[in-house]
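Letter by letter, the chains look like this.
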Amino acid sequence: MIKVEGVSKRYPGHTAVDNISFEVEKGQVVGFLGPNGAGKTTTMRILTCFMPPSSGTASVGGFDVMEQPMEVKRRIGYLPETPPLYPEMEVAEYLTFVGKLKGMGGNSLRKRVDEVSEKCNVADVRNKLVSKLSKGYKQRVGLAQAIIHNPEVLILDEPTSGLDPKQILETRDLIKGLAGDHTIILSTHILPEVEQICERVVIISRGKVVATDSMENLTNRMRGSEVIGLTVEGQPESGIVQEKLERVAGVSRVILKLAQDSTCAFEIESLQGRNVRADLARAVVEAGWNLTELRPVSMSLEEVFLQLTASEVSA
Amino acid sequence: MNNILTIWQKEVKSYFVSPIAYALLTIYAVVSGFFSYVAVGYFLDRSIGAQAGRGGPMDVNEWVIRPVMMNVGVISLFLIPMITMRLFAEEKRSGTIELLITSPIRDYEIVLGKWLGALTMYACILSLTLVNLSVLFLFGSPDWRPVATSFLGMLLQGGCLLSIGCFISNTTKNQILAGAATFGVSLLMWTFDWFTGFKSDVWAKVLAYLSLTSHFEPFSKGVIDSKDVIFYVSVIALGLFLTTRSLESLRWRS
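Residue numbers (the numbering used here), protein chains in the order written: chain C, 1 to 315; chain U, 316 to 569.
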């Protein structure tokens, strides 16, 4: 559905997007993840024909953004970082205006305005001025605006930024609800959001794609070896405990996290594919100490992300 | 065509739901009312002199309507930057320009729609002059034809300044800057023919030709000269063309 090949965007003095390529299948929800200033917005603007790439090609639904921008624009619903609202319009009036811009009209537009107002939970404010709306409502009107012409592709630039937690949840639910009918690209720097909504993730840092994969694969790939948190009581000498743990088969590294009175906590890394938890527990108990905690420390997307973008920095 | 209409509608509406339209209409009504009153006052004063055997033939068209219309041009000079300054600058600042550009409409449709919206606003303001002039028709019988051509001339001249203002508004996010620059350019174009007062080389002639006032003169006398019409229409076209190109360039530069 969306194909980006070797796209770069250069400005005098710096490169915002550097030779990125990725593809999005029809009906997928893809998270566009990266720190601020990574080039997410620039990439989205290239896809929406707001600006052309310096080099490379991008196409939406088989239409090139440079050659057939009108066809691309017809197929895309776009919510920029700040929703493009006219404060002096009423909500329904605004949605009608956008509908007309997208080439709709007459009865079908009127029906569609009611439909999207309902879908995006803005029906109760349809006769209110946009300037009087709360931020959450504005964001939802922005979403309604993006889907008014029932586009095949939805491009959402940080759809939850600046909202309060309740509004964030509502917006996420809304996006999840839209997922079936549209191909969605959404950018964010909030990681749990991607974990919740997206099937695939494209991680971008300093204008480059550093990883693109399904959510599952990505966390698995990055996890590599398992990390276990372990706390022991009853042995004031942490060195002895550490030595004992290191001797357990399959353990690659033991890191002392905390040693206080007779309590010490460790983080234990095991070799790939080895489950050492049972052995660790036995070792501790056999030594006569109390095992008070034993838990897997899973690697969150947050860590994956930091690891990926950090390695980019050091490279 | 539909798209132009959509944009035009939105523009006209946005003038009239905000205080801009009412403020401009009020300012214009007061100032042009005062100017008309003064013109009529002078005329009355002179007509008393004429009865006493001084002065030449009295003509309402020549002594009242023409000066009033020239003054309308001067007031427009101040009002037009206020009409055009928000056209693009506001959309750029608030980010709504992204909606327009990523919608399946062409750049020239956006520009034309906006310019027509501004022209409509300007025409509404101009029409207030008719109220002032109608008094003359109530108590006298001046020739209506020079009045009609003057209005046409004013609309064309306004159209020129509006298209220039449109272009300037598209070059900045800052409304005040857009307004100030438009005012400066308008004032210069208004006074270019002052050159001919003391210079007569080619430059003076070129600048005098570019002067908006010298092309308005014939209209105010009831003459529609094709060379003036062509001048105004080509300035309008140039302004709109430049606006369209700068809207395009926004994408390459931003």
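By construction, these hints were calculated from the structure, which means they are not laboratory data.
Mixed in with the good hints there might be a few duds.
Claimed, not checked - Pairs of lysine-lysine residues, derived as PhoX-like cross-links and limited to a Cα-Cα distance of at most 20 Å, are as follows: (1) Lys-328(U) with Lys-132(C); (2) Lys-176(C) with Lys-166(C); (3) Lys-208(C) with Lys-3(C); (4) Lys-176(C) with Lys-26(C); (5) Lys-3(C) with Lys-26(C); (6) Lys-128(C) with Lys-488(U).
If you're wondering where the values come from, they're calculated on a predicted model, not measured in any experiment.
Status of the hints after comparison with the structure:
1. Of the supplied pair hints, the one linking Lys-328(U) and Lys-132(C) holds, its CA atoms being roughly 18 Å apart against a limit of 20 Å.
2. A threshold of 20 Å between alpha carbons decides the hint, and for Lys-176(C) with Lys-166(C) the separation of about 15 Å falls inside it, so the pair holds.
3. Distance hint between Lys-208(C) and Lys-3(C) is fulfilled; the C-alpha atoms sit about 16 Å from each other, no more than 20 Å.
4. At roughly 15 Å between alpha-carbon atoms, Lys-176(C) and Lys-26(C) fall within 20 Å of each other, so this suggested pair holds.
5. With a C-alpha separation of about 11 Å, the suggested pairing of Lys-3(C) with Lys-26(C) holds against the 20 Å cut-off.
6. Annotation: proposed proximity of Lys-128(C) to Lys-488(U) is violated, straight-line Cα distance about 27 Å (limit 20 Å).
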